[in-house]
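Peer 1: So the sequences go chain by chain: L and H.
For reference, each letter of the first sequence is one residue, going 1 to 294 in this note's numbering.
For reference, each letter of the second sequence is one residue, going 1 to 492 in this note's numbering.
Worth double-checking, as some hints may not be accurate.
To be verified - Quick list of in silico lysine-lysine cross-link-like pairs, DSS-like style, CA-CA up to 30 angstroms: (1) L/LYS239 to H/LYS160; (2) H/LYS259 to L/LYS211; (3) H/LYS160 to L/LYS233; (4) L/LYS122 to H/LYS448; (5) H/LYS255 to L/LYS239; (6) H/LYS255 to L/LYS211; (7) H/LYS255 to L/LYS233.
As the list claims (entries may be wrong) - Which chain H residues stay away from chain L? Per the calculated CB distances, all over 10 angstroms, these: (8) GLN109; (9) PRO240; (10) ASP327; (11) LEU332; (12) LEU353; (13) TYR371; (14) GLY375; (15) GLN394; (16) ARG414.
No lab work stands behind these hints, which were simulated from the structure alone.
Quick reminder that beta carbons are idealized off the backbone N, C-alpha and C, glycines included.
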Amino acid sequence: MARLEILKTYKIYIGGKFPRTESGRYYIAENAKGEKLANVCLSSRKDFRDAVGAARSASGDWGSRAAFNRGQILYRIAEMLEGRKAQFVDELQQQSVSKAAALKEVETSIDRLIYYAGWCDKFQQLYSAVNPVASSHFNFSVPEPTGVVSVIAPQNNSLLGLVSVIAPIIAGGNTCIVLGSYSKPLCVVTFAEVLNSSDVPGGVVNILTGKPEELAPYFADHMDVNAIVCCEKDAVLQKMIQEKASLNMKRVILYDSVNWQGEAGQSPYFIMDTQEIKTTWHPIENIGGAKAGY
Amino acid sequence: MAKAKNNTLKLKFDSARNYAPAPESKSVAKINPRYDLFINGKFEKPLSKKYFATINPATEEKLSEVADANAADVDKAVKAARNAYDKTWKKMPAKERAKYIFRIARIMQERAREFAVIETLDGGKPIRESRDFDVPTAANHFFYYAGWADKLEYAFPNRKAQPLGVAGQIIPWNFPLLMAAWKIAPALATGNTVVLKPAETTPLTALKLAEIIQEADLPPGVVNIITGAGATGAAMVNHPDINKIAFTGSTNVGKIIQKAIAGTGKRATLELGGKAANIIFDDAPLDQAVEGVINGIFFNQGHVCCAGSRLYVQESVAKEVIRKIKDRLETLIVGDPLDKNTDIGAINSKEQLNIINRYLKIGVAEGAEMYQGSGSIPSKGFFCKPTIFTNVAQSNRIAQEEIFGPVLTIQTFRTDDEVIEKANNTPYGLSAGVWTDKGSKIFNLTTKLRAGVIWANTYNQFDPTSPFGGYKESGYGREGGLHGLYPYVRLV
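So here's chain L without its partners, still in its complex pose (with noise of 0.2 angstroms):
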């Protein structure tokens, strides 16, 4: 008799944790012949909820590491990905990606981490600047996390899509709730995995899995959430967003007609997009009119 394979359960990613629900909702993952996968988590606003508390306490620790530890640690989850690269071949060709298809998604989401990595401690230098006042001032701008981000995935290339977006917000020192995609959540569910083996405190990123349409709103108006991302092309959610953010002048984020395959898909601009600008002021002194002289 064959060997009875052992399915997985495919839980949501809290805090570093894996939780299935607190709502105790599912719904059934299909391929693209209407094939069942798995039972994946439905998740709640609660849920979201208690992404944002894990989001929120780990994000003085993960905004204020060393740019290069971040860029180490993004550099690992790289690793990890390379290591489990089987895995998210055969995922995504559960899901109906073929295989060629699949083994590219894969290796460019690999490669993005890694270009990501290494943007931790550079991007800083790019966009600071040392400010010429014209007053006896030393001047200079950098720039530092928003703080927590809440992000509605692409859809489609629910991997390198998934990635893309994750990575330049936490490459920048931001903490982030992460709806994956809705119709192909087996590799969302599995990234969590790789992130948890791959010295990402728990916390920095979170992931849920379900609706768009459902959650949308509360990624929109919770006022713990500095930033939100949505990656939705529906014009009418968009404007529920933006109008939602308003309530605590949340940067609201649209990449609905990004690229995520190619060259367009990463750049350093990805991670301004949730930065602030902080501007520092210190007398220079000037007394007696000295002057410097050899």
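Following the hints, complete the assembly by docking chain H onto the known chain L.
Peer 2: Then chain H, alone, in the frame of chain L:
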């Protein structure tokens, strides 16, 4: 143990300290009895046929009357701006665009005294501030951004910057000319055209700026300046042919704007309210720190979004600092804004004075101790004595809400972590101040305070090269410096 000797000298106020009046002459201020809307390079009568008065808040005398633009007037101004964008401005070589902006800066420098006097008459701020800060900084802002116009390819690595189109800009009454400069200069440098609305209580310097724009021979329609109140601003925000809204004002109105433009694709820069913490550690040079606190809260009557309105003093020096602040209050001269001796001018409007007075009552009702200096204030016009509150709780409304007046709350703290937490415990995040002699402590604080501008051992410094703007509910986007270009461009 011997009692520590207090060798700080207390200022004596019993001797006569009256200054002879030193008023600036009003004769340089040429104010027309009536101003129309500046649309397409000409002053045009409003389609609304309505006008409203603008008064001198220090005397309550009418200075002039200005047009009240309605939605049809806004539409006319936007059409002029669109036309100028399509036909002239976006096609003009960048270096030519630059030269127009340089011209504006130069003419403003030439007419600086006239502008300073009008700014003080219309808004109530001390002539010393309008003369030495508002007007020169406004001119410098144009000068700074003029130079960017033909250098944009260096500003955004690996990208090309394109203008957005027509920018609708709505500015507040606290720094009328300077805010107009902050808005118009980067918009023009990046190739956008502009419809600007000054605040209804301070429209005059913006209309005088329209004269400069005529004098500079800027192509008609590139800058349009229309006057009106909230309804005019709303018509701009909702106009379908505006690509970008730039607003400086209250957080409440900022939220309304963000909501109103949802789903329209309009971009926005919002510079909103603040409730800045100004933090004094026990190792700070206290006399300097006290000067910084005074400047931080009483500059421009406290009508400053980044005003240092929450003072946190380390417990061990609190008594001394509070005494020094009280002493300093005695020396502040509240009075005629045109007098060069005046430190604190008139509150901008009766409405604002009412708001401030309401907060003073709230503060007292909440149990805080109010203290005002013994100096007098003029009987006519809108004035408020500089005020401090001690015995303030973090949850008090006067410590949480933006008052936008000369009102300081004082609280104490013991440890660095405690004060960081208290300072960040606000929905705002515009600015903060830190006073300490220890460099490492400065950087600990400046990195942990969640605010867009941090002043260490100084306060309320501004410069055209220095980006300004907030975190959290203080808005988004930056004005000033290289970072101030970004909100006016599309990167391709």
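Peer 1: State for each hint whether it applies.
Peer 2: Taking the hints in turn, this is what the structure says about them:
1. The hinted pair formed by L/LYS239 and H/LYS160 meets the criterion: a straight-line CA distance of about 28 angstroms does not exceed 30 angstroms.
2. Pair hint H/LYS259 plus L/LYS211 holds up; C-alpha atoms about 24 angstroms apart against a cutoff of 30 angstroms.
3. Among the hinted pairs, H/LYS160 with L/LYS233 is consistent with the structure: their alpha-carbon atoms are about 25 angstroms apart, no more than 30 angstroms.
4. Between L/LYS122 and H/LYS448 the alpha-carbon distance is near 21 angstroms, which keeps this suggested pair within the 30 angstroms criterion.
5. For the given pair, H/LYS255 sits about 14 angstroms from L/LYS239 by alpha-carbon distance, which is consistent with the 30 angstroms threshold.
6. The suggested pairing of H/LYS255 with L/LYS211 holds, with an alpha-carbon distance near 27 angstroms, which does not exceed 30 angstroms.
7. Distance check on the hinted pair: H/LYS255 and L/LYS233 sit about 24 angstroms apart at the alpha-carbon level, within 30 angstroms; holds.
8. Its beta-carbon lying about 14 angstroms from the closest one in chain L, H/GLN109 satisfies the requirement of being farther than 10 angstroms from that chain.
9. Non-interface status of H/PRO240 relative to chain L is upheld: no Cβ of that chain comes within 10 angstroms, the nearest being about 15 angstroms off.
10. The beta carbon of H/ASP327 is kept farther than 10 angstroms from every beta carbon of chain L, the shortest such distance being approximately 23 angstroms.
11. The non-interface label for H/LEU332 is consistent with chain L: the shortest C-beta to C-beta separation is roughly 23 angstroms, beyond 10 angstroms.
12. Even its closest Cβ contact with chain L, about 28 angstroms, leaves H/LEU353 beyond 10 angstroms, as expected for a residue assigned away from the interface.
13. Listed as outside the interface, H/TYR371 is consistent with that label: its C-beta sits roughly 29 angstroms from the nearest C-beta of chain L, beyond the 10 angstroms cut-off.
14. Annotated as non-interface, H/GLY375 keeps its C-beta farther than 10 angstroms from every C-beta of chain L; the closest such distance is 29 angstroms.
15. Non-interface status of H/GLN394 relative to chain L is upheld: no Cβ of that chain comes within 10 angstroms, the nearest being about 18 angstroms off.
16. The Cβ of H/ARG414 sits about 21 angstroms from the closest Cβ of chain L, beyond the 10 angstroms cut-off, so the non-interface label holds.
Every hint from the earlier list agrees with this structure, and none is contradicted.
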